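*Asks:* Sequence:
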Amino acid sequence: MMEFTIRRDYFINQLNDTLKAISPRTTLPILTGIKIDAKDNEVILTGSDSEISIEITIP
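FYI, the UniProt record's numbering numbers position 53 of the sequence shown as 53, with every residue one higher than the one before it.
These aren't lab readings, by the way, just hints derived from the structure by calculation.
Only a predicted model underlies this, so the values are computations on that prediction, with no experimental measurement involved.
The reader is advised that the hints may include incorrect statements.
To be verified - Here are the simulated distance ranges between beta carbons:
| id | residue 1 | residue 2 | range |
| --- | --- | --- | --- |
| 1 | T27 | R7 | 28 to 38 angstroms |
| 2 | S50 | E3 | 12 to 22 angstroms |
| 3 | K39 | Y10 | 33 to 43 angstroms |
| 4 | L19 | E42 | 13 to 23 angstroms |
| 5 | T27 | M1 | 28 to 38 angstroms |
| 6 | F11 | S53 | 16 to 26 angstroms |
Positions of the beta carbon are idealized from the N, C-alpha and C atoms, including for glycine.
Based on the sequences and whatever the hints tell you, model everything.
*Replies:* This is the structure we're talking about:
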């Protein structure tokens, strides 16, 4: 199990930047969320609408 601590305001800002890649109107439900991956002492946020993709790494 991995445990990490992150400042809430910083995480929300990075999350909002990732949300810019997600279209509110899509026919594919998988494109309506954000993938959050935690590994190697970092958190990676990924959002995509099949045309553009935003990936933000939080150290």
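*Asks:* Which numbered conditions among the earlier hints are violated in the structure presented, ordered from lowest to highest?
*Replies:* 2, 3
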